[in-house]
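Asker: Please build the complex by placing chain B on the supplied structure of chain A, with the hints as guidance.
Line by line, the protein sequences are chains A and B. Position 170 (the first sequence) corresponds to 170 in my numbering; numbering is contiguous. Position 416 (the second sequence) corresponds to 416 in my numbering; numbering is contiguous.
Everything labelled a hint here was simulated from the structure, so no lab data went into it. Among the hints, erroneous ones may be present.
Identical copies go unnamed one by one, so any copy, or any two together, can satisfy a pair.
[Unchecked claim] List time: in silico DSBU-like cross-link candidates among lysine-lysine, alpha-carbon distance up to 35 Å:
1. LYS292 to LYS111
2. LYS217 to LYS167
3. LYS79 to LYS111
4. LYS259 to LYS378
5. LYS167 to LYS135
6. LYS135 to LYS294
7. LYS378 to LYS62
8. LYS135 to LYS378
9. LYS62 to LYS167
10. LYS133 to LYS185
11. LYS217 to LYS185
12. LYS292 to LYS167
Number of protein chains: 2
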Amino acid sequence: MFQISPGIQQSDFLKEPAKFIGQDVDFKGVIFKYKAMGNFAFLQVTTLHGILQVIYEGAPLKEGAATHVFGQVRPASIKDPFISSPEIEIVASKIVTLSSPSMPMPFDITKKDLNINNDILFDQRMLSMRHPKQKAIFKIQEGLVQGLRNYFIAHDLTEIRTPKIVKEGAEGGANIFSLDYFGQKAYLAQSPQFYKEFCTGVFERVFEIGPVFRAEKHNTSRHINEYTSIDVEIGNITSFHEIMQFEVGALQAAFKYLKENYAYTARLLKLEIPEVNSIPSMKFSECKELLKTKYNMDFTTEPDLSPGEEQKICEHVKQETGSEFVFITHYPSAKRPFYAMDDVENIEETVSFDLLFRGVEITTGGQRIHDYETIVAKMNRRGMNPINFEFFTQAHKYGLLPHGGFGLGLERLTQKIVGLESVKLATMFPRDIGRLSP
Amino acid sequence: MFQISPGIQQSDFLKEPAKFIGQDVDFKGVIFKYKAMGNFAFLQVTTLHGILQVIYEGAPLKEGAATHVFGQVRPASIKDPFISSPEIEIVASKIVTLSSPSMPMPFDITKKDLNINNDILFDQRMLSMRHPKQKAIFKIQEGLVQGLRNYFIAHDLTEIRTPKIVKEGAEGGANIFSLDYFGQKAYLAQSPQFYKEFCTGVFERVFEIGPVFRAEKHNTSRHINEYTSIDVEIGNITSFHEIMQFEVGALQAAFKYLKENYAYTARLLKLEIPEVNSIPSMKFSECKELLKTKYNMDFTTEPDLSPGEEQKICEHVKQETGSEFVFITHYPSAKRPFYAMDDVENIEETVSFDLLFRGVEITTGGQRIHDYETIVAKMNRRGMNPINFEFFTQAHKYGLLPHGGFGLGLERLTQKIVGLESVKLATMFPRDIGRLSP
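So here's chain A without its partners, still in its complex pose (with noise of 0.2 Å):
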């Protein structure tokens, strides 16, 4: 028997190009970038830490190539915007192409902005996230991850994995895809809700970033229909104040992992990273108010924000207090989900919280009802049939602490920190009511 020892090849190189002028490397990249001069090319070359500058005589090279790269480093001659290392490039003294496209690239990758359509884009999604700003978002989204699970790692929030396919909706409603389960109709979860809530009874701090899938037929520049859902659920809280200083707390530390760990890619694609030390917070009814005094808009009796009211409540709060971030509060109680806690000072309004940034809606939260009979008793008042929610209540009738949480769309973040026009340019391969495909 043959024996297979750990590791992988690791490029100290790659990681710090600057530190090696003068000696003698070897590294492989695709060629992204091959431009002729005369008896030399420039080459720029994209390896696992960035674009490289490669300065070559020799036989012409297809971009698109994988190669192994052997040569010298010397500090740079030109520089590029793409270029990571601007410091450095490589003198080549052989190149060996290890594969080789069978075509070049339909669309010029090797351009400052990748123009072309969306539908080309998405269509072509595999070809198009080469461009260096393309992959940049997905760069940025990783960080947002990253630094998002990190802070409820390390304020002892349990992963959990919550299944996907579900005999009940958590929303309800028509935004539900249906399969054929062996025989039986179900569901694609629509969130995580019931399970987290579950799992404050046995971890009391949860999270989940998953899929969530929404039947929405809406297509628009906020929607699509399977995203990513970052679901926090936390027990033993007094309020639901807790639950937003807890989200406070998540985004500063993602917003200072990007800082500190993508500056490249945050350079690359200009990124405004906001600074965030408290976020302003409003209620509702204080909102709708302020939306007819000031701006004229008078949708005080909807139950909700439109669209245009989330955007001209942003503007507002900007002006005023130069936050790009805002919590609405106390949505009422018709527009919120059964298991959304009353307020006890009026139970027409619930302990509850959206938070906006940018002008569009990124996170719902709020506290829970934790006690059974209080939950059935607003099932009973909403003429909702408590038996069809026992695997719910269950948790409650057993017993469950006092919880809370939230869900932050985690395409949105990015859109809106990236400065995208559609939430569709966040997702790598988005789903909408046209697209299915790749």
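Answerer: What follows is chain B alone, placed relative to chain A:
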């Protein structure tokens, strides 16, 4: 406007209770066990960081109640295996009830072992998971994920998010759930295979930890219909041995992480965390030959290993080398998907592997075809129509670097680490042919 500042209450005491002997403390927790002793009671209270022993003189309290405990820490008087800080106990001066169950639990979760049958265990998962040994399974699962993921991130793999509603299945065949997607036929992803291969052309090294769906009708201890796949794909490899080496390193890191961070849980489950230095490897054909010669199991014409054969070969390897893991390499081309790379020395075999652990396959991996002409030729040889896979081979056509990877089943790994009789027991909310709820 009100300002929400970051932070959530964290109790230093709960993290290191033994440091607080002689001090007044207060903390929140759920009464796990209440044992009246005449004029006082022994309580076990579940907190965010474990179970503490509390001595209390006062009105009786309900098991399952959420409480706020005030008291003084002193050295422990009696010990119980569930107590996570056996050195200390708290003499309570006051206990405030925060929430209270409506009914006592339908089974006793305070017993050393939860002796209920699996149907009740799963039907009442929100309750049965409250048993410390059930909960412990998922803490170990969390630790495995975190240990593996930390290794992936440290080795510069980009975390990707691929769609679960897809137009085409990666594995094909009948084992795929279908659904109506706004009038189009869609499927639930069996694997992120195609997407992770695309992504090596963008990020070079990628991973995803997410749900996959298999409509297999088997109802065995080895199968669930929704599971967590830990997917890795790495570009610029020179051989599939590098993928195996990477997996060895990742497993080592995960086991080290468990040992360092889950001592209480490991003790509770009497866990035998394997020692991994290197992992033996044998060819599929040698393995078949050995099974025939040594065990008289003559299935040499079958292009795959049966569960019985996997068990036997694990026994053999453990006897011969002490290793609980074994790589089986060079699976027959006939049994591997079209994208698997054939061995240049014998095109009847692929440069692929399975990893077996304690009698069961936990990983399938290998090198993939990166060259466009090669993959089209292989599809043609198999009678597949390359047109149907154009969305996949686009990546190859325009240049894809040499790459390979693996998929590791999280629940099977957890099952075998913990020593559970079925993979379902390593799943919070399992899905099988007869189970869709909770």
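Asker: Now look at each hint and say whether the structure bears it out.
Answerer: Going down the list of hints, with the structure as the test:
1. With identical chains, the CA atoms of LYS292 and LYS111 are never at most 35 Å apart, being 47 Å at best within one copy and 60 Å at best between copies.
2. For the homomeric pair LYS217 and LYS167, the shortest alpha-carbon distances inside one copy (22 Å) and between copies (18 Å) are both at most 35 Å.
3. With identical chains, the CA atoms of LYS79 and LYS111 are at most 35 Å apart within one copy only, with a shortest distance of 15 Å there and 69 Å across copies.
4. Within a single copy, LYS259 and LYS378 get their C-alpha atoms no closer than 45 Å, and across copies no closer than 46 Å, so neither meets the 35 Å cut-off.
5. Proximity of LYS167 and LYS135 under a CA criterion of 35 Å is satisfied inter-copy only: 24 Å between copies versus 37 Å inside one chain copy.
6. In this homomeric assembly, LYS135 and LYS294 never come within 35 Å of each other (Cα to Cα): the closest approach is 41 Å inside a single copy and 53 Å across copies.
7. Taking identical chains as interchangeable, the C-alpha atoms of LYS378 and LYS62 lie at most 35 Å apart only when they sit on different chains, with a minimum of 25 Å there against 67 Å within one chain.
8. Taking identical chains as interchangeable, the C-alpha atoms of LYS135 and LYS378 lie at most 35 Å apart only when they sit on different chains, with a minimum of 31 Å there against 47 Å within one chain.
9. When the C-alpha separation of LYS62 and LYS167 is checked against a cutoff of 35 Å, the pair qualifies only between copies, where the shortest distance is 32 Å, while the shortest distance within a copy is 52 Å.
10. For the identical chains of this complex, LYS133 and LYS185 are inter-copy neighbours only, at 33 Å across copies versus 43 Å inside a copy, given an alpha-carbon limit of 35 Å.
11. Proximity of LYS217 and LYS185 under a CA criterion of 35 Å is satisfied in both settings, with 21 Å inside one chain copy and 16 Å between copies.
12. In this homomeric assembly, LYS292 and LYS167 never come within 35 Å of each other (Cα to Cα): the closest approach is 42 Å inside a single copy and 46 Å across copies.
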